[in-house]
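Protein chains: 2
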Amino acid sequence: MVFNVAIVGPGLVGGALIEQLAAHAQSAGFARLPITVVGLINSKKMALANTAYTAADLSQWQTALLGDSAQTADLTRFADTLAGLKGATAIVDCTSSDAIAALYPSWLTRGLHIVTPNKKGFSGDMSLFREIGRLSSSPLGPAVYHEATVGAGLPVLSTLNDLVRTGDRIIKIEGIFSGTLSYLFNNFSAPGATQSFSACVAEAKANGYTEPDPRDDLNGMDVARKVTILGRVAGLDIGTDTLPVENIVPEPLRAVSTADEFMQRLPEFDQHFSKLNTDALQAGSVLRYVGFVDGVGGQSSVKLARYPLDHPFASLKGSDNIIAFTTERFPNPLIIQGAGAGAAVTAFGIFSDLIKIAERYGSGLADPKF
Amino acid sequence: MVFNVAIVGPGLVGGALIEQLAAHAQSAGFARLPITVVGLINSKKMALANTAYTAADLSQWQTALLGDSAQTADLTRFADTLAGLKGATAIVDCTSSDAIAALYPSWLTRGLHIVTPNKKGFSGDMSLFREIGRLSSSPLGPAVYHEATVGAGLPVLSTLNDLVRTGDRIIKIEGIFSGTLSYLFNNFSAPGATQSFSACVAEAKANGYTEPDPRDDLNGMDVARKVTILGRVAGLDIGTDTLPVENIVPEPLRAVSTADEFMQRLPEFDQHFSKLNTDALQAGSVLRYVGFVDGVGGQSSVKLARYPLDHPFASLKGSDNIIAFTTERFPNPLIIQGAGAGAAVTAFGIFSDLIKIAERYGSGLADPKF
Numbered sequence: 001m002v003f004n005v006a007i008v009g010p011g012l013v014g015g016a017l018i019e020q021l022a023a024h025a026q027s028a029g030f031a032r033l034p035i036t037v038v039g040l041i042n043s044k045k046m047a048l049a050n051t052a053y054t055a056a057d058l059s060q061w062q063t064a065l066l067g068d069s070a071q072t073a074d075l076t077r078f079a080d081t082l083a084g085l086k087g088a089t090a091i092v093d094c095t096s097s098d099a100i101a102a103l104y105p106s107w108l109t110r111g112l113h114i115v116t117p118n119k120k121g122f123s124g125d126m127s128l129f130r131e132i133g134r135l136s137s138s139p140l141g142p143a144v145y146h147e148a149t150v151g152a153g154l155p156v157l158s159t160l161n162d163l164v165r166t167g168d169r170i171i172k173i174e175g176i177f178s179g180t181l182s183y184l185f186n187n188f189s190a191p192g193a194t195q196s197f198s199a200c201v202a203e204a205k206a207n208g209y210t211e212p213d214p215r216d217d218l219n220g221m222d223v224a225r226k227v228t229i230l231g232r233v234a235g236l237d238i239g240t241d242t243l244p245v246e247n248i249v250p251e252p253l254r255a256v257s258t259a260d261e262f263m264q265r266l267p268e269f270d271q272h273f274s275k276l277n278t279d280a281l282q283a284g285s286v287l288r289y290v291g292f293v294d295g296v297g298g299q300s301s302v303k304l305a306r307y308p309l310d311h312p313f314a315s316l317k318g319s320d321n322i323i324a325f326t327t328e329r330f331p332n333p334l335i336i337q338g339a340g341a342g343a344a345v346t347a348f349g350i351f352s353d354l355i356k357i358a359e360r361y362g363s364g365l366a367d368p369k370f
Numbered sequence: 001m002v003f004n005v006a007i008v009g010p011g012l013v014g015g016a017l018i019e020q021l022a023a024h025a026q027s028a029g030f031a032r033l034p035i036t037v038v039g040l041i042n043s044k045k046m047a048l049a050n051t052a053y054t055a056a057d058l059s060q061w062q063t064a065l066l067g068d069s070a071q072t073a074d075l076t077r078f079a080d081t082l083a084g085l086k087g088a089t090a091i092v093d094c095t096s097s098d099a100i101a102a103l104y105p106s107w108l109t110r111g112l113h114i115v116t117p118n119k120k121g122f123s124g125d126m127s128l129f130r131e132i133g134r135l136s137s138s139p140l141g142p143a144v145y146h147e148a149t150v151g152a153g154l155p156v157l158s159t160l161n162d163l164v165r166t167g168d169r170i171i172k173i174e175g176i177f178s179g180t181l182s183y184l185f186n187n188f189s190a191p192g193a194t195q196s197f198s199a200c201v202a203e204a205k206a207n208g209y210t211e212p213d214p215r216d217d218l219n220g221m222d223v224a225r226k227v228t229i230l231g232r233v234a235g236l237d238i239g240t241d242t243l244p245v246e247n248i249v250p251e252p253l254r255a256v257s258t259a260d261e262f263m264q265r266l267p268e269f270d271q272h273f274s275k276l277n278t279d280a281l282q283a284g285s286v287l288r289y290v291g292f293v294d295g296v297g298g299q300s301s302v303k304l305a306r307y308p309l310d311h312p313f314a315s316l317k318g319s320d321n322i323i324a325f326t327t328e329r330f331p332n333p334l335i336i337q338g339a340g341a342g343a344a345v346t347a348f349g350i351f352s353d354l355i356k357i358a359e360r361y362g363s364g365l366a367d368p369k370f
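Here the protein sequences come in this chain order: V and F. No gaps in the numbering here: position 100 of the first sequence is 100 in full-length UniProt numbering, and each next residue is one more. No gaps in the numbering here: position 86 of the second sequence is 86 in full-length UniProt numbering, and each next residue is one more.
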C-alpha cells in the first residue's frame, strides 16, 4: 500500500519533517511506514514526483526545488496531480497563510488528507472551521489533523479530543502557550530576578526567541489563536475577534513604526512592568502570560495573571509550554508540559498526525513495539 | 457499520466504562460512535447479546449478569460467539489475571481486538509480549491497545509510541507511577511535614489508597511492571525478573503473615524512614518513589530517590502520577501529570483506545469537534 505526502511551504519545519521522514525510510523492521514524499511547493516553485525521488532519497527533494527541473508554482495543478495518485495522499501545510488555509475545503473535496501546524484554518472564520469539519467528518473520507497548531508536538489536541469524545466535561483549560512569553516571564518574574523587562525582551530577541518585531508576541494574538482552537475543539463558539486579549505592548508604543524604535523606547515602561512584578512577588506569586478556555462560564480570555510559587506554572523553565485540563474526571488537572516550539518538535507533531492517518486508512502500518 | 465491545471482569472499572458508553450512546450529533456492548463475563457467569440489549440500555448489562438469563461462564464459548459477529469486535480485559492475558493470542488469531488495563500480558513473559505483538502487527489485522496499563487515562503510552515511531531517541523515562506511593511520599516527605511514616501508611490505608496489604504497594512490583511496559514499548528487552527494584518493606516485616501484624509492627521502623527523610530535607530535597527507564545505558530501576524542591516531582500533589520523557527532541523533558488511578480515568483510557480501534477499522466514526 502507498501513503503519499506533499509539503506546502517547506521551510524550517518542512525541512525537519523531511529529515525525520528520511531517517524513518532508512529504519528497519516492523516500524517502517510506507510513506512516500511526492511533492513540494513554495511560493515560487514546485517539484512533483518522478521516478528519481523515492522515500529512500528524501534529501534530494529540497535541492530539487531549487534546481532546473523545478516548475513554476501552481497550486491548482499541484493539488490536481496529488488527487490523481493511487493510495492515500496527505498535504502538509507548513505555511502560516490564510490563503492556503482557504484552500483546504477544495483539497478535502478531492479526497486529500490535511496535516498542518498552520493555525489559520482553525482560528479564523468560524464558517471556514465548520466547512473543514464538515468535509472531514465522514468516517471513510479525508481526515484533518492539526496537533502542531497548539504546543507543537506536545499531545495537547489529541488529549483534548480524547476527553471530549469520551464524554468528559471540560471545565477549564489554562496554559502558557507561547514559548516566547514563557521564556520572557520565566526570566523576568522569578524570586530574586533583577533584569528589567526591556532587558529581558532584548535578550529574548537576541536569542531568536521572539518574532522580528517582539510586539507580534506581546500583543497576545498568537496565544488568542491557540485559545480559539482549543475552545472550538472543546465545542465552544469562540473567535479571536470577540476574545478578551490583554495586549501588553504599552499603549504609546503600539503605533511606533519600526521594531527598532519600539525596542529603543521600551525601557520607558520598565517601571510599569517592575511594579506589576514586585506587587506579584510581594503576594508570593509570579507573573505568567496565559490563555484560558472557560468550558462552562463563557469567560475565556488571554491575560497576564499571577500564580503562587508552588503552582506548576510558576516553576516552568526555559521556553516550555504548559497546559492544564480541568475536567469532571480530572478535578486535579491533567497537565502536559514541554517544548512547544521549534522545528524538530513541530515536525514530530506533524509526523505523529501522518501516522494516525496512515493507520486509519490502512496503509500498511505495523506496530513497532514488539 | 458496527463496533462490538465485550467486557471480561466487569468490576469497578468495567462498570465505569459501561456508564461512559451508555452516556455516549445517548449523546447526539457527529460525536456518537456506533459502539454496541455485546457481552459480559466474570469468573462465574456470562451474558451474551440478544435483541434485548442495545447501546441504548447499557445499564441492563450489569443486572443481566446477575439475573436468571445469565449463563455459566465459559471463556471459550464467549470468544467463539464474539468471533462470529459481524463488524469489528474488541474484548476489554478488566481483570488483572495472568490466565486471561495468556488467552490474548487465541483471541487475536480469531481477529478479535483487545483493549486492556491489565498489565500482565505486557510485563510478564517476554515470549507472550512478543507473541501478542506479532499477532497484532499486521496492518489490517486485529489491534491491541493498553494505554491504561500505565498512568490510567493519562496519554503516556500513546505519547511514547508517537515518539518511538517517529524516530525520536528515548534517553530516559522517569516517573512516579503509583498513586499510592505518590500519596504516601507527597505527605510524608514535604518541608514541614511531621507525620511518621507508619502514620502516613495507616492514613493511606484508611482512605482506601493502598492494597488490602500495603506491602503489595511498598514492595515496588506494581511500579516494576509499569517500568517494564514502558521499557518494552521503547524497544528494550527488560522484565520484572531482572529489573533492580527497591523493596521498601522493612526486611523483618516481609515474612510477617498478616497485613494487620505488618501495620502493627511498622512503627518500629519509623526512625529508619525518618532519618532518610531528614537527610533528604537537609539537602534541600524530598523523597519520591520512582520508576526509571534508561533508554541508553541499561540502568533501568525502581527506587526511592531524592528530588530537589524546585523539581516537578517535588511539587506533586495528592495521588497524582507524573511521567517525564527525556529524548533527543525533548532534552528538557516532555512531562505528563495527573490522576493515574481510579475507575473513571481508567475507563477513559480504555474508551479512548476503543475509539482509536473504531477509527482504524472504519466503523462509522465522525469527528466531533465541528
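Honestly, the hints are just simulated from the structure, not real lab data. Just to be clear, a hint being listed does not mean it is correct.
Same chains, same label: a pair holds when it works inside one copy or across any pair of copies.
[As the list claims (entries may be wrong)] Think about it this way: if two alpha-carbon atoms lie no more than 25 Å apart in a straight line, the pair counts; the simulated DMTMM-like pairs of lysine to aspartate or glutamate are: (1) K86 - D310; (2) K317 - E328; (3) K44 - E131; (4) K172 - E19; (5) K275 - D74; (6) K86 - D260; (7) K45 - D310; (8) K45 - E19; (9) K205 - D80; (10) K172 - D80; (11) K303 - E251; (12) K275 - D237; (13) K45 - D74; (14) K317 - E268.
(request) With 25 Å as the alpha-carbon cut-off, assign the pair K45 and D74 to within, between, both or neither. (result) within (8 Å within a copy, 65 Å between copies)
(request) Could you place K317 and E268 in one of the four classes (within, between, both, neither) given a Cα distance threshold of 25 Å? (result) For K317 and E268, the Cα distance exceeds 25 Å both inside one copy (28 Å) and across copies (42 Å).
(request) Please work out whether the CA atoms of K45 and E19 approach to 25 Å or closer within one copy, between two copies, in both situations, or in neither? (result) within (20 Å within a copy, 55 Å between copies)
(request) Measure nothing new, just compare the shortest in-copy and cross-copy C-alpha distances for K205 and D80 to 25 Å and report within, between, both or neither. (result) neither (42 Å within a copy, 65 Å between copies)
(message) With identical chains, the pair K303 and E251 could be close in the same copy or across copies; at 25 Å between alpha carbons, which is it: within, between, both, or neither?
(response) Answer is within; shortest intra-copy Cα gap is 16 Å, inter-copy 54 Å.
(request) If the cutoff is 25 Å on CA atoms, where do K172 and E19 land: within, between, both or neither? Let me know, please. (result) between (37 Å within a copy, 23 Å between copies)
(request) Classify it for me, K172 with D80: is the Cα-Cα distance of at most 25 Å met within a copy, between copies, both or neither? (result) Neither: 42 Å inside a chain and 45 Å across chains, both beyond 25 Å.
(request) Up to 25 Å between alpha-carbons, please classify K317 paired with E328: within, between, both or neither. (result) between (29 Å within a copy, 18 Å between copies)
(request) Since the copies are identical, ignore which copy is meant and state whether K275 and D74 lie within 25 Å (CA to CA) inside a copy, between copies, both or neither. (result) neither (54 Å within a copy, 72 Å between copies)
(message) Please sort K44 with E131 into within, between, both or neither, judging by C-alpha distance up to 25 Å.
(response) neither (28 Å within a copy, 51 Å between copies)
(message) Reference check for the pair K275 and D237, CA-CA at most 25 Å: within, between, both, or neither?
(response) Neither: 36 Å inside a copy, 56 Å across copies.
(message) Treating 25 Å as the Cα threshold, decide for K86 and D260: within, between, both or neither.
(response) neither (52 Å within a copy, 68 Å between copies)
Consistency note: the structure conflicts with the earlier hints numbered 1, 3, 5, 6, 7, 9, 10, 12 and 14.
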